[in-house]
Each structure stands twice: as C-alpha cells, then as structure tokens.
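Trainee: Each chain, letter by letter, is given below.
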Amino acid sequence: MSQEQTTRTLQVNGEVHHVAFPVHHSLLEVLREELGLTGTKHGCELGECGTCTVLIDGKPLLSCLELAAECEDRKIETVEGMMRGNELHPLQACFADLGAAQCGYCTPGILMAAQSLLEENDTPSRDEIVSALAGNLCRCTGYHKILEAVEWAAAQLRGDESYRLPESAFYGDPVPGEKVSDA
Amino acid sequence: MKPFQVALPSTIDQASKLQLKDASPFMAAGTDLLVRIKDYVTVPDMIIDLKRIDGINGITSDDRGVWLGALTRMHDVAVSEKIQQGYPALAETIRNAATPQIRNMATIGGNICQQPRCWYLRHEGYSCAKNGGSGCWARDGENEFHAIFGNKVCAVVQPSNAAPVLVAYGAVIEVQGSDGKREIPAGEFFVTPEQDPRKDVDLTSGELVTRILLPAENRTTRWGYSEAREKQSFDWALASVTVLLDRGGRAGEHRVVLGAVSPVPLRRKDLEKILAGGAVDGDRISSLKKKVGEGATPLSGNGYKVQMLQGLIGKAVRQASGQKEG
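If you're matching them up, the sequences are chains A and B in order. Residue 141 in the working numbering sits at position 161 of the first sequence; the count goes up by one each step and never skips. Residue 357 in the working numbering sits at position 300 of the second sequence; the count goes up by one each step and never skips.
One or more of the hints may lead you astray.
Simulated pairs of lysine-lysine, DSSO-like, Cα-Cα distance not exceeding 27 Å [claimed, not checked]: (1) B:K59 / B:K108; (2) A:K39 / B:K288; (3) A:K55 / B:K288; (4) A:K55 / B:K95.
Since the hints were made in silico from the structure, they are not lab data. For clarity, every value in this text was computed on a predicted model and none was experimentally measured.
The whole structure should be built from the sequences, with the hints applied where relevant.
Mentor: What follows is the structure, given as structure tokens:
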C-alpha cells in the first residue's frame, strides 16, 4: 500500500512548521525525520520506557504513540526548546553538574517530565518527583542523582537560596560551580 | 509497521458506518492499538480515529450519577473531584495504573476495550481460539500471568484495572452504533471465552463506547481496593480485589470483584454472602480467605495467584471496614 502523505501545521517550541509526512507516522518520527529535532529519542516504541516524552499542551506524553496528524493546533515542546537563549534551563544545568545523565539516552524524556512537574509544583517532595518520573526508565544512574538534580533545579527555579545539596550529591573533582563552595 | 490510512470522523454515525464498511479498528488514544500495529499483531489498512467526535469527552453528572465520556483521559478521571468523592475506588485504581504519560494519553473508553495482554495472543506467530484459530497456547505453555478462573477455553485475564471496579460500582456502559444506543451493565459488558472467545467486550461491528455511568445510588464511603503487581510503574495487576460495603448506604449490599484472575472481572457472590453474615472480624476474614480460591483451576505457573488473592482480600476487606492493616 502506498504511503499516504498528509500536511499539517505543527507548533514546536514556539515555531510554526508546515510539514508533510506519511499519515501513519508518529509525532516522534516527524520530529526527528521531518523537523530534524533529534533530541527526542526512539526507545521501546511501545510506551514502556518514556524516552520519547515530549510536552503537548504542557503535559508529558509519549511521542511514539501519538500520531503527528493528531497534533495540529497543540503546543509541542521538546528538549531543544528548553534553553533560555544561550542559558541552559536550570534542570539541564543541574543534570549536567550532578552527573544525573550518564549515557544520556533517557535524559531528554526525563527533562521533559521533570519540567512539567516543576511548572505545576515548585516544591515537590521526593515522592512527588518519583511519581512524576515513574514513566521514565534509566538504566545507568540508579535514579538517585536524577532525583537530586530535580530537587536542586526546583530550588533554583523558585529562587530558594537557602537550599543546600548534600556534599555527597557531587562526585569527582573539580566541584562544579560556585554554589558548591557555599554548601 | 505497515502503513495505514487515518479516518477522522466527526460524528458517531460516520465512525460507525466506516467500521461497518470494512471492519477497520476504532482508535481512541491508540496506546494499545498502535502498539499492536507496530508489533504486526493487528495489520489494518485504515484506522478510525475517534478523537474528533464531539460529546463523548469529559465528566458530567445528572440525577442518575456521574457520566464519564469515553474519550476522557485516565488522568482526568483520577483527579476528578466527582470521582474522588463519589467513587474513590475508581480514582485509586486509575491513579496507580500504567505511567503518568500513559494516563495523560489513554482514555477510559479505550481502557475497558483494550486487548488482553496474553503474550501468545499478542504475538504474530501464534494462532489461538481468541484470534481466529483454536486452542490456547498458555494452558500448556508459559502462563504465570494468566487466568486461574474460567480458563478452559482461553486463559487471558481482563487487563483493565478499572474494569473490576466499574463492575463493583454497578457502572453502565453506554454504547452507540448506527442502530442507536444501548446501555449494558458493566458486569455483562465483558464477554467470557465460553460466550465468544473472539470477543473481549459486548460490542458489535460499528458500535463504540460513548459514555460510562457511575450510578448515584451505588456510592459508598466503605470501600477497599488492593492489588499486587511485579513493579509499581508500567505494569498490570497480577491480581486485584475490590470490596464495596453497604453500597448506597443499603445495609448488607456488598460487592466483591476480583481482577486479573479470569478473562472477565469476577464478581463473587459467595464472598459477598459471607460479608453479609455479620461484623468483619478475624473469623469472617478467615472464611473469606478460605473461600476465595474455591473453584480456581490454576495452570502450571500461576498457582501463586490463589495465595495472593487470600492476602489481597484480607487487605481490601480491612480497608473497607476501616480497620488497620493486621
């Protein structure tokens, strides 16, 4: 059977794209192949691993199980849209500083799920972070550093200067950033 | 996956006619259907996407109770005040289902119509009674997640966590096709393999679930829900027990429904009778535990589900009667 093409207007990271793609393609495929936004990763393709998570209208969804043809007029956000100008989003910076990413394959999906959490709740408890990230698998980190990074980013985003990470959250030398010298 | 076309009907009638024409599958969120298509278990030329249909999304209430539109997302059901206050067991089971992402996507209508998760059924290489052939591979094969009740023809378990809870609340499934509407009690909506091994639910071609009614007269604050699974996230129940006591404030009207142990949610009138016999004390819980496995025909790998049910029923009954974990 021929691949029927369709054309849709997709709004991704605040930019409007008129894009043609096979109608059966998932949002993940269209983001990566038609729009060149390869930050969002292919994982299990079956909804189990969460690495393809993007935000649609602010909510974390699985782009591997969402048909791109269904995404017209919806606000799509991917990891490429997280930076603020030339500055990393605090979540990205905290993940980098704490080694919350190792191989990095799950990181874009986890960043999106965490961003959605922090937009709703600027002081999440450890349990709330665990629940919000329950749909994202990571096979490297053991999750501990991810949870610490989200807590640290939450503190930065709400301007909580009294927040102190435990020294144990950092590994290696040199210690990253000035914030550590206060700690 | 094999390419397919997507039809986007805007009315139930259009959707219904499209399916009557060439038996294309309906898709709500697609969190089950698209996975089956990717696995070549279902290979349609076209899917009928229901998301553009008006009037079957959202939660409303009237004299009869609370209505869940079939396209209402699982997350929205779980956080709805109407559901949390009136039907807390349903909010509880959905709150823990799947993953946050899936709950943001999947719909309550799709949830009760999803295909069972039997690994033989969902494998392109196996043919069985449920997908047009004959026999059941699980009965003599790998069957640790399969049914221990009603498993002679086919040993799948009903995969929806919400289904047994809907049965316990006496929910009504409203379906509509080109011949009009029907209302089906949730207890009859799920089809046993003996009735028809090819069917999971009582829908004929062209019919789709439009709304689910949770009747006002079946509310109760005395509820218990317990469930065991292998992992907390993205997993299905190994077994679950829903207990509602004094439904609608009517003394002695209890419901006990078992989930994930048979091809359909299993209402257990014999256990309800034991509960109706008097106060929930240690003796009564012991009799429930003794009785819950009665009639089970475990397969080679799933006998543990009987013991599991014994633990779960104690937990659910204690929760429903306001007792601490013991």
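Trainee: Among all the numbered hints in the text so far, which are the ones the structure does not match?
Mentor: 3
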